[in-house]
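Q: Protein chains in written order, with the working numbering: chain A, 1 to 476; chain B, 1 to 476.
Incorrect hints may have been included.
To be verified - Restricting the straight-line Cα-Cα distance to at most 20 Å, the calculated cross-link-like pairs of lysine to any residue (SDA-like) are: (1) A:LYS202 to B:GLU180; (2) B:LYS417 to A:ALA396; (3) A:LYS179 to B:GLN276; (4) B:LYS46 to A:ALA235; (5) A:LYS393 to B:ASP389; (6) B:LYS419 to B:GLY373; (7) A:LYS417 to B:LEU395; (8) A:LYS179 to B:TRP199.
Hint data in this document are derived by calculation from the structure and do not stem from the laboratory. The model shown is predicted, which means the values in this text are computed figures rather than measured ones.
Spelled out from the first residue to the last, the chains are:
Number of protein chains: 2
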Amino acid sequence: MTQTAAIIGGGVIGGGWLARFLLNGWNVNLYDPDPQAERKITAVLKNARHALPMLYDVSLPREGKLKICSTIQEAVAGTSWIQESVPERLDLKQKVFLEIILAAPKDAIIGSSTSGFKPSELQEGLSCPDTVLVAHPFNPVYLLPLVELVPSPANPVFIVNVAKEILTSLGMFPLHVRKEIDAHIADRFLEAVWREGLWLIKDGIATTQEIDDAIRYGFGLRWAQMGLFETYRIAGGEEGMAHFISQFGPCLQWPWTKLMDVPELTDELIQQVASQSDAQSGNRSIRELERLRDNNLIAILRSLKNENTAAGALINEHEQTIKPELPSKINGAMATISRVIPSDWTDYNGHMNESRYGQIFSDAADIIMQTVGANADYIRSGLSYFTVDVQIKFLAETHAGSSIHVKSFVLQGEGKKMKLFHQMFDEDEALLATGEQMLIHVNLETRRACEPHADVLEQLEMIAAIHTTLPDPRRV
Amino acid sequence: MTQTAAIIGGGVIGGGWLARFLLNGWNVNLYDPDPQAERKITAVLKNARHALPMLYDVSLPREGKLKICSTIQEAVAGTSWIQESVPERLDLKQKVFLEIILAAPKDAIIGSSTSGFKPSELQEGLSCPDTVLVAHPFNPVYLLPLVELVPSPANPVFIVNVAKEILTSLGMFPLHVRKEIDAHIADRFLEAVWREGLWLIKDGIATTQEIDDAIRYGFGLRWAQMGLFETYRIAGGEEGMAHFISQFGPCLQWPWTKLMDVPELTDELIQQVASQSDAQSGNRSIRELERLRDNNLIAILRSLKNENTAAGALINEHEQTIKPELPSKINGAMATISRVIPSDWTDYNGHMNESRYGQIFSDAADIIMQTVGANADYIRSGLSYFTVDVQIKFLAETHAGSSIHVKSFVLQGEGKKMKLFHQMFDEDEALLATGEQMLIHVNLETRRACEPHADVLEQLEMIAAIHTTLPDPRRV
Numbered sequence: 001m002t003q004t005a006a007i008i009g010g011g012v013i014g015g016g017w018l019a020r021f022l023l024n025g026w027n028v029n030l031y032d033p034d035p036q037a038e039r040k041i042t043a044v045l046k047n048a049r050h051a052l053p054m055l056y057d058v059s060l061p062r063e064g065k066l067k068i069c070s071t072i073q074e075a076v077a078g079t080s081w082i083q084e085s086v087p088e089r090l091d092l093k094q095k096v097f098l099e100i101i102l103a104a105p106k107d108a109i110i111g112s113s114t115s116g117f118k119p120s121e122l123q124e125g126l127s128c129p130d131t132v133l134v135a136h137p138f139n140p141v142y143l144l145p146l147v148e149l150v151p152s153p154a155n156p157v158f159i160v161n162v163a164k165e166i167l168t169s170l171g172m173f174p175l176h177v178r179k180e181i182d183a184h185i186a187d188r189f190l191e192a193v194w195r196e197g198l199w200l201i202k203d204g205i206a207t208t209q210e211i212d213d214a215i216r217y218g219f220g221l222r223w224a225q226m227g228l229f230e231t232y233r234i235a236g237g238e239e240g241m242a243h244f245i246s247q248f249g250p251c252l253q254w255p256w257t258k259l260m261d262v263p264e265l266t267d268e269l270i271q272q273v274a275s276q277s278d279a280q281s282g283n284r285s286i287r288e289l290e291r292l293r294d295n296n297l298i299a300i301l302r303s304l305k306n307e308n309t310a311a312g313a314l315i316n317e318h319e320q321t322i323k324p325e326l327p328s329k330i331n332g333a334m335a336t337i338s339r340v341i342p343s344d345w346t347d348y349n350g351h352m353n354e355s356r357y358g359q360i361f362s363d364a365a366d367i368i369m370q371t372v373g374a375n376a377d378y379i380r381s382g383l384s385y386f387t388v389d390v391q392i393k394f395l396a397e398t399h400a401g402s403s404i405h406v407k408s409f410v411l412q413g414e415g416k417k418m419k420l421f422h423q424m425f426d427e428d429e430a431l432l433a434t435g436e437q438m439l440i441h442v443n444l445e446t447r448r449a450c451e452p453h454a455d456v457l458e459q460l461e462m463i464a465a466i467h468t469t470l471p472d473p474r475r476v
Numbered sequence: 001m002t003q004t005a006a007i008i009g010g011g012v013i014g015g016g017w018l019a020r021f022l023l024n025g026w027n028v029n030l031y032d033p034d035p036q037a038e039r040k041i042t043a044v045l046k047n048a049r050h051a052l053p054m055l056y057d058v059s060l061p062r063e064g065k066l067k068i069c070s071t072i073q074e075a076v077a078g079t080s081w082i083q084e085s086v087p088e089r090l091d092l093k094q095k096v097f098l099e100i101i102l103a104a105p106k107d108a109i110i111g112s113s114t115s116g117f118k119p120s121e122l123q124e125g126l127s128c129p130d131t132v133l134v135a136h137p138f139n140p141v142y143l144l145p146l147v148e149l150v151p152s153p154a155n156p157v158f159i160v161n162v163a164k165e166i167l168t169s170l171g172m173f174p175l176h177v178r179k180e181i182d183a184h185i186a187d188r189f190l191e192a193v194w195r196e197g198l199w200l201i202k203d204g205i206a207t208t209q210e211i212d213d214a215i216r217y218g219f220g221l222r223w224a225q226m227g228l229f230e231t232y233r234i235a236g237g238e239e240g241m242a243h244f245i246s247q248f249g250p251c252l253q254w255p256w257t258k259l260m261d262v263p264e265l266t267d268e269l270i271q272q273v274a275s276q277s278d279a280q281s282g283n284r285s286i287r288e289l290e291r292l293r294d295n296n297l298i299a300i301l302r303s304l305k306n307e308n309t310a311a312g313a314l315i316n317e318h319e320q321t322i323k324p325e326l327p328s329k330i331n332g333a334m335a336t337i338s339r340v341i342p343s344d345w346t347d348y349n350g351h352m353n354e355s356r357y358g359q360i361f362s363d364a365a366d367i368i369m370q371t372v373g374a375n376a377d378y379i380r381s382g383l384s385y386f387t388v389d390v391q392i393k394f395l396a397e398t399h400a401g402s403s404i405h406v407k408s409f410v411l412q413g414e415g416k417k418m419k420l421f422h423q424m425f426d427e428d429e430a431l432l433a434t435g436e437q438m439l440i441h442v443n444l445e446t447r448r449a450c451e452p453h454a455d456v457l458e459q460l461e462m463i464a465a466i467h468t469t470l471p472d473p474r475r476v
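Isolated chain A, as found in the complex (with noise of 0.2 Å):
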């Protein structure tokens, strides 16, 4: 059954955990008492809803349905996920808490944005705290998956164990924080960088621009993957982890920091990092920055999915558990492939590269295979199918963030060769492609061409067998 989650505060924060719960086929009841929480609500799922489906090389769930709310209560009504995100102040916070905790289903978990409080903070005053704790995302919450998840001693494992679960579902990564502290684990470098950063401008050493480029073009592309201490084990080399702090650790000693001091938030300061900042980046509006960021994004996760590595790793897991159901009806073309393009397959005229056409007629070739049981344990016992042959026609031009299907069929399925036809047509049903392929059965040891399983050919012979029977369809 679909599942509801209530959105308290509907910020950039709380709007995108709206548009994660939402894209991921969950009901939401969003209450915000800001006359504009609509129209920011549209403009973060805008963002969303073009930057998600991308990140999968499956279709996401049928989306839920948003319902706004005039009041707590009728927001957190049968709901099983209730998220806070309201400004950062601790009072605000605990009175919407007693509000939320006499209108919740008794089961459902409450989870706090805040970038800074404990949840022992947030639980003080609550007769019933159990279902309470800290969930602290990442902006843009709709792709980062890193949510720090803090209990307190009052919240039960099994609570957390039931808030790991859902946050997983949704293709977060719920990172325990095992022992509550101000502003958890990422905030507190977050900060620590911030600090510097601000002492960098005020003593004239670096602008905005300068630091940013300090980050992006080195450590930050480490960190995109790596993090900060398995960077370092690959830097101190095979005398290891213990061996580099020895040669490091004494700089810490240095004056490489403003260890000591905070610097003052005069307006004189204020005004130069603004200014610093509009001469980076005061040619691109918020929204434009917003995009670039999240195609950026996009890339770098994809790239990382691609890899299975570090956080692409965790979209590959997640994908898995949304894998759609193999073609059911196989007495006419059989319904293969349904995705979005995402925004890395279009080349300098504007459309989905060429290339990609051959790759989603692979992807519908690789779903028939898994139809007739060639599937990933049947590979890993050594068979598999090789494409040797693919003739691509072009029929009209597809772009980025479209949703395509494909339509497949088997020309010819016996001994060794399985011969597919596939059609890819748009959201309107215009023919955008066709794919005749040709694949031959092989061993992966010998790398020579074998016969498949006989369980493998009797369900392709069977599949040929009706699929003769229909209209050529390469006459269509």
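With chain A fixed as given, assemble chain B onto it according to the hints.
A: Okay, now just chain B, sitting in the frame of chain A:
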């Protein structure tokens, strides 16, 4: 003429510099008194040869010559760039600079890889410090573009400009640090995070693994493309950077970081970090971790390259400067493509994804387009060729890291039509695949077929006239 660089000190950093220069076509003289130096350099070079060419979609220049020297004098003679990467001790570095200066050509730039010393400190006691400055790179030096270029007041502006030009020609991004300061810019941030990380471990809040996850699944992904300030500018939304600072600035005064103190590096703390790091990454050797890191970085950098943004835009700019000549011989097969297969192009069978054959043939068609004058300017003017049909034959497997090249033929070139035939070969001239491709000339505004510009058509017809007298390459 081929330029020569001297590498003084061949550890991980010196070796990375060596690889950068060598793979960009420079000759390199290495001086390192360590008897293990050659072995260590070989290991770094192996990684670099695997990694760097994969960033590019063109061939890098022919590798330069490596010479192992037994004295500093021998190493620096006749060089244009000298890079010092000896251990981080000021007295040692100063001694090395004295020796270098005595034997180096007067106009050779002398860069120091120091992480922390100021250039004026390195210049102390030198009679002629003009050419000595800090050029601080980031590991792996052969992949990460950032290099902090820090002059002192003793360096003339033109020396700084020459240094920038040379570093840019190596595909690096010289960040000009305008005011010298201990630890330059990036290392100040790294120190701040490293210190905070050690506290979190010492206080039992988080393990090395948890800290790395907090980075690589969250803000690390943001920083790989935009850095700190542009990210926060977006978070500030339409109200801008000044709004963001006044909202989040006060947190700096909260107890969110261990401002005041440095954890003592007791044996106990060192062991704690080392054993957590073992638990996190100990199942992989340093070599395996290096290869994993490099493959991840290649994937991320290539994804940013495809978006032409952040560090990827730097690679594209560099690639423009090393664009190979268009085929000079048109009276036979045209040499259109010569490249290395990048690691993100292989599928689960371990060989190049079939869609990439289409991409390579599409790139070959681009070269032919440029050869007949349908180049970037021509496309900007609103005219181009679109592929309408391609037939690919897959004859043998190809793997990541392989060098391939393509020979192309114009089978037909008349009116709106351009029909091409491509043959793709491996290093041993084995035929891997062929592609027969029909392109139609279009007007990019009307999206309709039209005749090419007369100059383009004339070139195309001329080549077609020659190629149709050759034996039909499809019969080979």
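Q: All hints are to be evaluated individually against the structure, with a verdict given for each.
A: Here's how the hints hold up against the structure:
no. : hint                 : in the structure
1   : A:LYS202 to B:GLU180 : holds, 15 Å
2   : B:LYS417 to A:ALA396 : holds, 18 Å
3   : A:LYS179 to B:GLN276 : holds, 17 Å
4   : B:LYS46 to A:ALA235  : holds, 17 Å
5   : A:LYS393 to B:ASP389 : holds, 5 Å
6   : B:LYS419 to B:GLY373 : holds, 16 Å
7   : A:LYS417 to B:LEU395 : holds, 16 Å
8   : A:LYS179 to B:TRP199 : holds, 14 Å
In summary, the structure agrees with every hint in the numbered list given earlier.
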